[in-house]
Amino acid sequence: MKYSWLEVFKAGLSGQKQWPAAWPEVSPKAAYDVIIVGGGGHGLATAYYLARDFPGTRVAVVEKGWIGGGNTGRNTTIVRSNYLWDEATNLYEHSLKLWEGLSADLNFNVMFSQRGVYNLGHTLQDMRDIERRVNANMLNGVDAEVVSAAELKERIPILETGKHVRYPVMGASCQPRAGVARHDAVAWGFARAAAKHGVDIIQNCEVQAMDIEAGQIKGLQTSRGYLKADRVGCVTAGHSSVLATMAGIRLPVESHPLQAFVSEPMKPVLHTVVMSNAVHGYVSQSDKGDLVIGAGIDSYTGYSQRGSPHLIDHCASAMIELFPIFSRVRLNRQWGGIVDVCPDACPIISPIPQVQGLYFNCGWGTGGFKATPGSGHVFAHTIGQDQPHPLALPFHIDRFTTGALIDEHGAAGVAH
Amino acid sequence: MLLIHCPYCGELRDEQEYRYAGEAFIQRPGLACTDEQWGDYVFNRTNPKGKTVEQWAHAAGCRKLFVVERNNVTNEIYAVRTFESYKEQA
Ligand SMILES: Cc1cc2nc3c(=O)[nH]c(=O)nc-3n(C[C@H](O)[C@H](O)[C@H](O)COP(=O)(O)OP(=O)(O)OC[C@H]3O[C@@H](n4cnc5c(N)ncnc54)[C@H](O)[C@@H]3O)c2cc1C
Ligand SMILES: [Zn+2]
Numbered sequence: 002m003k004y005s006w007l008e009v010f011k012a013g014l015s016g017q018k019q020w021p022a023a024w025p026e027v028s029p030k031a032a033y034d035v036i037i038v039g040g041g042g043h044g045l046a047t048a049y050y051l052a053r054d055f056p057g058t059r060v061a062v063v064e065k066g067w068i069g070g071g072n073t074g075r076n077t078t079i080v081r082s083n084y085l086w087d088e089a090t091n092l093y094e095h096s097l098k099l100w101e102g103l104s105a106d107l108n109f110n111v112m113f114s115q116r117g118v119y120n121l122g123h124t125l126q127d128m129r130d131i132e133r134r135v136n137a138n139m140l141n142g143v144d145a146e147v148v149s150a151a152e153l154k155e156r157i158p159i160l161e162t163g164k165h166v167r168y169p170v171m172g173a174s175c176q177p178r179a180g181v182a183r184h185d186a187v188a189w190g191f192a193r194a195a196a197k198h199g200v201d202i203i204q205n206c207e208v209q210a211m212d213i214e215a216g217q218i219k220g221l222q223t224s225r226g227y228l229k230a231d232r233v234g235c236v237t238a239g240h241s242s243v244l245a246t247m248a249g250i251r252l253p254v255e256s257h258p259l260q261a262f263v264s265e266p267m268k269p270v271l272h273t274v275v276m277s278n279a280v281h282g283y284v285s286q287s288d289k290g291d292l293v294i295g296a297g298i299d300s301y302t303g304y305s306q307r308g309s310p311h312l313i314d315h316c317a318s319a320m321i322e323l324f325p326i327f328s329r330v331r332l333n334r335q336w337g338g339i340v341d342v343c344p345d346a347c348p349i350i351s352p353i354p355q356v357q358g359l360y361f362n363c364g365w366g367t368g369g370f371k372a373t374p375g376s377g378h379v380f381a382h383t384i385g386q387d388q389p390h391p392l393a394l395p396f397h398i399d400r401f402t403t404g405a406l407i408d409e410h411g412a413a414g415v416a417h
Numbered sequence: 008m009l010l011i012h013c014p015y016c017g018e019l020r021d022e023q024e025y026r027y028a029g030e031a032f033i034q035r036p037g038l039a040c041t042d043e044q045w046g047d048y049v050f051n052r053t054n055p056k057g058k059t060v061e062q063w064a065h066a067a068g069c070r071k072l073f074v075v076e077r078n079n080v081t082n083e084i085y086a087v088r089t090f091e092s093y094k095e096q097a
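Protein chains in written order, with the working numbering: chain A, 2 to 417; chain B, 8 to 97.
Don't take every hint at face value.
[As the list claims (entries may be wrong)] Distance condition first, Cα-Cα at most 30 Å in a straight line; then the derived BS3-like pairs of lysine-lysine: (1) 164(A) to 197(A); (2) 65(A) to 58(B); (3) 56(B) to 71(B); (4) 154(A) to 164(A); (5) 94(B) to 58(B); (6) 219(A) to 71(B); (7) 289(A) to 268(A); (8) 56(B) to 94(B); (9) 71(B) to 58(B); (10) 71(B) to 229(A); (11) 268(A) to 164(A); (12) 56(B) to 65(A).
[What the hints assert, rightly or not] Some chain B residues near chain A, calculated using beta-carbon distances under 7 Å: (13) 28; (14) 56; (15) 79; (16) 96.
No wet-lab data here; the hints were simulated from the structure.
By construction, the Cβ of each residue, glycine as well, lies at the ideal position given by its N, Cα and C atoms.
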């Protein structure tokens, strides 16, 4: 079924109760051409673009829990492309362009809202970095501007821009085309569109071992039986090292908890996204009305999907200094995700040299939601043609041998 | 919040007094190593799920580095040991 206002109207005549399932529940088949491990946004997007752009390829997505239950459903949904280095900017801008047409392309409202993102500067060095990044963005054709503190006060009146706070705001960068999207809808939209192109979406199916013979992947042992495939793409975020261990390799990633929290819903008070690297925190207001606030990663590694409370405390204090009006807002929920952090804060989108037919897409760490469509698109082409997509080439795993890192740590406005 | 016992100070203290310092017992390869071995040493990590053997520094205390054996899913701390204690064992 194609979703449209007419269908909403027709379903309204029977109390909106006649909607068919968005995609079918399927049992795993014995063999596929490509298996994507991990039913987060990146895995589902990869499957969608593979099935769409390489017709006839039999594709399955296997997910150990439910789709979107990992970082895709746990993130603060900021989408932007104002990175410093060309390689990163090109990749994230490719993704941003796909976001701009995504709801129409998927026939699913992903609620992409280009409400702008502000990255605050609190020191002279912050402001120099912001100017440099804005200039780099403009040279790369990405919209960006430097905004003064006075102008910020005009645009975001509830932001504290006075001089008498611990870390006064001196200005900001702004990317007007950046914004937020609805995380669950991204997973559901890609799943539905992928299923329409014949992809099997198999939930509650955990990959437990890899069948590798003479350096070639042959299939996967899963909690729902053996699945044959000679091409496998692993897109398992915080669990990438677990999958790598099954393949007998190690990755340059470490998994850390990353926390976020939301407030009680309120009337509209903040129309844009505000991030600060220096005091560390970022906030937007969801369409439901809750403030969505993200903290930093816990220093220690872990897979516990919960972090230490002092990070929440630290972030909440920063938010209250920036927005004194939020001081008596009550928080509703707090949670953590497991993020796969790479030494250069850039992803790995790559074939694995030691195992023919095995590909990894990981290392997105604290900031991969924004890249969901672009990551899926370039990874699909990397697998489909068994050759890195030009935009993915700089993100080859070889860079940790050659030393050609893409040092985005601190270069981008904030980690997310 | 982790509560960590410092083997030097003999005190059970809040995680915030300590600094996490990564996987323990990483061996530096010799000077004649290949680029692959060097890259593996500098960047690759085992990043296990379950039991970890990791270094912590008592940054706001005695400032000494020691080893914590922890389950990184449940956050249970199995043991806190000095580096010397591993040498004695070996
Ligand atoms: C609190 C928080 C805030 C964030 N904020 C932002 C933000 O504002 N903007 C931004 O761009 N990014 C943000 N991120 C990062 C972003 O969420 C991730 O980079 C992105 O969602 C990763 O998507 P994914 O599909 O790769 O991973 P996931 O959605 O985590 O999907 C991986 C899937 O693999 C599955 N899996 C794991 N092991 C196995 C196995 N053995 N077998 C089968 N399946 C398996 C998991 O169950 C999971 O569903 C944030 C992350 C967190 C945690
Ligand atoms: Zn001590």
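Checked hints:
no.	hint	result
1	164(A) to 197(A)	56 Å, violated
2	65(A) to 58(B)	21 Å, holds
3	56(B) to 71(B)	26 Å, holds
4	154(A) to 164(A)	13 Å, holds
5	94(B) to 58(B)	20 Å, holds
6	219(A) to 71(B)	48 Å, violated
7	289(A) to 268(A)	9 Å, holds
8	56(B) to 94(B)	26 Å, holds
9	71(B) to 58(B)	23 Å, holds
10	71(B) to 229(A)	51 Å, violated
11	268(A) to 164(A)	28 Å, holds
12	56(B) to 65(A)	15 Å, holds
13	28	9 Å, violated
14	56	5 Å, holds
15	79	4 Å, holds
16	96	24 Å, violated
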